[in-house]
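Quick note on numbering: the sequence shown equals residues -21 to -1, 1 to 569 in mature numbering (1 follows the signal peptide of the UniProt record, and there is no 0).
None of these hints come from the bench; they were simulated from the model.
We put the CB at the ideal spot given by N, CA and C, even for glycine.
Take the hints with a grain of salt, since some may be wrong.
[As the list claims (entries may be wrong)] Below are the BS3-like pairs computed for lysine-lysine, each with C-alpha atoms no more than 30 Å apart in a straight line:
| no. | residue 1 | residue 2 |
| --- | --- | --- |
| 1 | K543 | K388 |
| 2 | K543 | K462 |
| 3 | K462 | K388 |
| 4 | K88 | K31 |
| 5 | K543 | K364 |
| 6 | K516 | K364 |
| 7 | K379 | K472 |
| 8 | K388 | K238 |
| 9 | K472 | K543 |
| 10 | K16 | K243 |
| 11 | K379 | K516 |
| 12 | K388 | K509 |
| 13 | K364 | K509 |
| 14 | K88 | K24 |
| 15 | K97 | K379 |
| 16 | K238 | K16 |
| 17 | K509 | K543 |
| 18 | K364 | K472 |
| 19 | K24 | K97 |
| 20 | K16 | K234 |
| 21 | K388 | K472 |
| 22 | K509 | K462 |
| 23 | K516 | K462 |
| 24 | K472 | K516 |
| 25 | K364 | K388 |
| 26 | K509 | K472 |
| 27 | K516 | K543 |
| 28 | K364 | K379 |
| 29 | K472 | K462 |
| 30 | K364 | K462 |
| 31 | K379 | K543 |
[As the list claims (entries may be wrong)] Quick list of simulated restraints, FRET-style, between CB atoms:
| no. | residue 1 | residue 2 | range |
| --- | --- | --- | --- |
| 32 | D499 | E328 | 37 to 45 Å |
| 33 | G77 | L194 | 19 to 27 Å |
| 34 | W27 | K234 | 43 to 51 Å |
| 35 | A442 | G8 | 54 to 62 Å |
| 36 | L66 | T443 | 31 to 39 Å |
| 37 | N9 | N373 | 42 to 50 Å |
| 38 | K509 | T443 | 29 to 37 Å |
| 39 | D129 | S3 | 51 to 59 Å |
| 40 | V392 | A55 | 54 to 62 Å |
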Amino acid sequence: MRRSGRLLALALATLLLCADGWLSGEWLGNDPWARTKHRPEFNWKWRWAEVKSSKSDSHPKPQHSSGVEVRANLQAALDSYEYTLPLTQLRRGVVYTGSANRLRRVLHKAATDGASIKVAAIGGSISWGHGASQRGETDWFSVFSRWLIDAFPRASVVARNGCTPGVPTPYMIMCLEASVDPDTDLVFVEYTLNDAHSLGGPGLLGLAAGGEGALYGNRIVKDAERLLRRLLVLPNRPAVVFMHTPPVGLANYPKGHPKNPLNKGHRPFYMTSEDAQGALAQYYDVQYLSLRTAVYRLAVHTDTPGFRWEDVFIDHHPGDHGHKIMSDLAVHLLQRTAHDLLQLPYGAEDEHVAGEPLPPPMYPGNVPPDAPMCRVGDLFRAMVKTADGFTYVNEGTAEKPKPGYVATKPGSVLRIAISTDRSPVAAVGAAAAGSALAGGGGGGIAAATAAVAAATAAVLPNATPVHVYLHHLRSYTNMGVAKFRCVSGCRCKEVEVDAHHDDHTSQVFLAGLEATQAPDCIVEVKVLDKTSSGGNKFKVSGVVVAERPGAGDALSRMGTGHGKQFGLAAHADEEAGAQQLVFTSGGGSS
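All chains, please: the whole structure from these sequences, using the hints.
Quick look at the structure:
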């Protein structure tokens, strides 16, 4: 991550660092990376027993791969990893497995000669690699990705780290396509820390408001459900795994403890949303891993050297040792699934269940919009209806792209077609509320269900405007001024943006509009015949449309909005180019 204080991601990370609740005190020393370095002296290798099964693999196989070869490849993957976390805690950290039909399909595919597998991670700064001494080498997803590539050498594996530091789940609901390929087979999701911080912690948002501590109507759980539904319907029907990490204060000692000399905030075991999110794992039959549960007994109950909080965490981010433990959990889940496939091969029932349509939302009416909400690059290009004087160019490189529509002359016009229609979402919520009220024989429970559904419908009235944010470049030479307005299908108050600033940086900023709801809203960007720099260059590179109408959208919760810097270098960066870590079979990382 770059050190510019202007970056939103770094600003949010700084807010987290200022939070009251991470490890602190002179007793920790001055080198957190040395304190939390990987501990190879704890390494051990699981000796999986060889499984002989009389059951045949009933799934059709390509001509170049037999059932015997699939079994041999699965067996080989069981002997390919050294764990650090002790066995008992390793098993405890895999909290929910369920039937794992989709994950079984992924492992069966990976063990098939010549198959192609795509894996992704989405989440915040932890899974991005913060806290690791060397991102791309010692962070958990990099360790896991390299294992996966080595464990299945006959498959073509692509592993993409699409994480965005400092942002909560609602942002990824909108901008999923910028982090996850549509043909992805397996996705890890890690937002527990960031979601807790985005709501201000358990004491700052009351239970009645659906805060972090609410058992019913929990806002974090509802956000997670909408993201999960977006993931589960991707074309390859991917397996999804929750990777839960402790929120700020949980990986710490209680006030008054000698290892908490500054009396920083402390959370007990139960004070996290991951348990409430466990209902989603069971409802949708997706897997659930817990760093909290994996480490807690060793850190708190037995005070085990090498696995205390200070051995695992730099602050509220894990160091190399903690990242290795997270990788242990992910690898163990996949190895357990491979072992299960050796006992009960992938078959027709797996295929049927993995391809089933989604059930209705667990929270009635809690569905994301179907329309595109976040587009950059070629996906944004597909939304442009008119480009008069604007040219689509990549001002970066293929490896570090900076794409967008660029104009240099006054009068140039760019028109983008978006959907600000949120009525289908509101209709689902209203229908769910009506259904719950009609079946009101359940007394208080039915009333509570109806209230949740009605609330979902109430906050999504068709008359409420939807926030639209256009990505545009701000720089220090030859930049011009443009007017943003709604010209067809919808209405909004126009805004004028000067793309020149005095800072010697080039960054993506946001121009915000509040548009009325419409399925075909045309937004125009027109370069004006005025300038504060002597030039008229104007570049538009993307759009974000709020998932929900009204105030309190995801970007405002992130501390950004109209006239502010976008700041997520993983999705848009005019300095170094948008960058995400990708690992490939035989190709290293990029």
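Quiz item: Of the hints stated earlier, which fail here?
Solution: 7, 8, 36, 39
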